[in-house]
Each structure stands twice: as C-alpha cells, then as structure tokens.
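Engineer: Sequence:
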Amino acid sequence: MKHLGFRSGRLKGFTIIEMLIVVAVLAILAALAAPSFRTLIANQRVTGTSQDLQVLLLYARSEAVYGRTNSVLALNSSSGQFEVTATGSGVVRKLDLSPAVTVTPSDASVSGVKFNDIGAATAIKDGSSTYMLTITAPNASRLQCLTVSRAGVVRSERKSSSEACT
Numbered sequence: 001m002k003h004l005g006f007r008s009g010r011l012k013g014f015t016i017i018e019m020l021i022v023v024a025v026l027a028i029l030a031a032l033a034a035p036s037f038r039t040l041i042a043n044q045r046v047t048g049t050s051q052d053l054q055v056l057l058l059y060a061r062s063e064a065v066y067g068r069t070n071s072v073l074a075l076n077s078s079s080g081q082f083e084v085t086a087t088g089s090g091v092v093r094k095l096d097l098s099p100a101v102t103v104t105p106s107d108a109s110v111s112g113v114k115f116n117d118i119g120a121a122t123a124i125k126d127g128s129s130t131y132m133l134t135i136t137a138p139n140a141s142r143l144q145c146l147t148v149s150r151a152g153v154v155r156s157e158r159k160s161s162s163e164a165c166t
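In my numbering, the protein residues as written are 1 to 166.
Read the hints as simulated data drawn from the structure, not as lab findings. Hints may be right or wrong, so weigh each one.
Said to hold, decoys possible - Straight line, CA to CA, 27 Å or less: simulated DSS-like cross-link-like pairs of lysine-lysine:
1. Lys94 / Lys114
2. Lys114 / Lys125
3. Lys114 / Lys159
4. Lys94 / Lys125
A quick note: this is a predicted structure, and the numbers were derived from the prediction, not measured.
Please build the complete structure, drawing on both the sequences and the hints.
Structural biologist: Now the structure itself:
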C-alpha cells in the first residue's frame with residue numbers, strides 16, 4: 001500500500017549552491033557588459049542631441065522663410081539653452097541640453113546662426129563663414145558634426161571621437 005503525501009526518489013528543484021553559481025555567472029557577465037553599455041548610452045546621447053539640434057535648426061530656417069523675416073538660433077550662455085528668436089516675435093522655441101553632452105561651435109567667436117527670409121544662413125560673427133557645431137560626450141566613441149551652409153542646408157555627419165569636425 002502506498003502512503004499518500006510521500007514521494008520516492010529525489011526531490012526536484014534548485015539547490016542553494018546551484019542558485020549561487022547562477023548568480024555569480026550573471027554578475028560576471030554584467031561586469032563585462034557594463035563598459036560597453038556606458039559607451040552605448042553616451043553614443044545615444046550624442047545622436048539624440050544632434051537630432052534635436054538639427055530639428056531646431058530646420059525650425060529656425062522655416063520660421064524665417066514662412067514668416068518672411070529673420071530668425072536666429074543661438075546658445076543662451078546664462079540658461080545653457082539653444083533658443084530660436086524671430087524678428088518681432090522674441091523667443092519662439094528653446095532646447096534644453098543634457099549636462100552629459102557638450103556642444104561647441106567650430107569657431108569660439110561665432111555665437112549662432114541667422115536665417116533670412118529666403119532661408120540663407122550666415123554665422124553671427126562676420127557673416128561669411130558656415131556655422132558648425134560639434135556634439136560630444138564623455139565615454140562616447142563617436143561625435144556628431146552639424147554644419148549649416150550659406151544656403152541654409154543643415155548637414156549632420158558622424159565621426160570617430162578621435163577625429164575633428166571640418
């Protein structure tokens with residue numbers, strides 16, 4: 001006669017030693033993946049900021065064309081925001097920058113870019129140079145270069161972090 005509630009043979013399940021081995025293996029894999037994950041996050045921040053700035057530049061250009069006026073995109077050094085201002089309207093759009101990302105103009109004396117009513121762009125300095133921004137972040141393996149030509153065309157280029165925007 002069989003006794004109910006008792007099983008013959010081994011019980012099935014994990015032992016504490018098997019569980020500790022699994023946890024140790026997962027910890028080792030996580031430690032190996034952390035540095036590359038940090039680089040991935042930094043690269044995504046650079047790409048995201050570049051895309052946000054590209055959209056803001058295109059918005060500033062379209063604001064100038066559709067409003068038949070001048071618009072300016074410049075960095076407000078006191079707030080750390082990029083701002084689009086249109087003649088007669090004041091600030092029409094702002095972009096907060098992540099503190100983990102660095103945006104620098106190729107020429108430190110250039111404070112922004114101005115679009116006229118036909119969409120042509122001039123750097124706010126001497127009016128003759130193109131406007132270029134370099135977007136970088138610590139731990140990133142690449143950087144983004146944003147260039148605004150005199151015709152108002154915005155171009156984005158991805159480069160290795162060892163290269164420079166030209």
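Engineer: Within 27 Å, alpha carbon to alpha carbon, are Lys94 and Lys125?
Structural biologist: 22 Å, holds
Engineer: With a cut-off of 27 Å on the C-alpha distance, tell me whether Lys94 and Lys114 pass.
Structural biologist: With a Cα-Cα distance of about 16 Å, the restraint between Lys94 and Lys114 holds, given a limit of 27 Å.
Engineer: What's the verdict on Lys114 and Lys159, does the C-alpha distance respect the 27 Å limit or exceed it?
Structural biologist: 26 Å, holds
Engineer: Given the hint that Lys114 pairs with Lys125, does the C-alpha gap stay at or below 27 Å?
Structural biologist: Given pair Lys114, Lys125 holds - Cα atoms ~10 Å apart, limit 27 Å.
Checked against the numbered hints given earlier, the structure satisfies every one of them.
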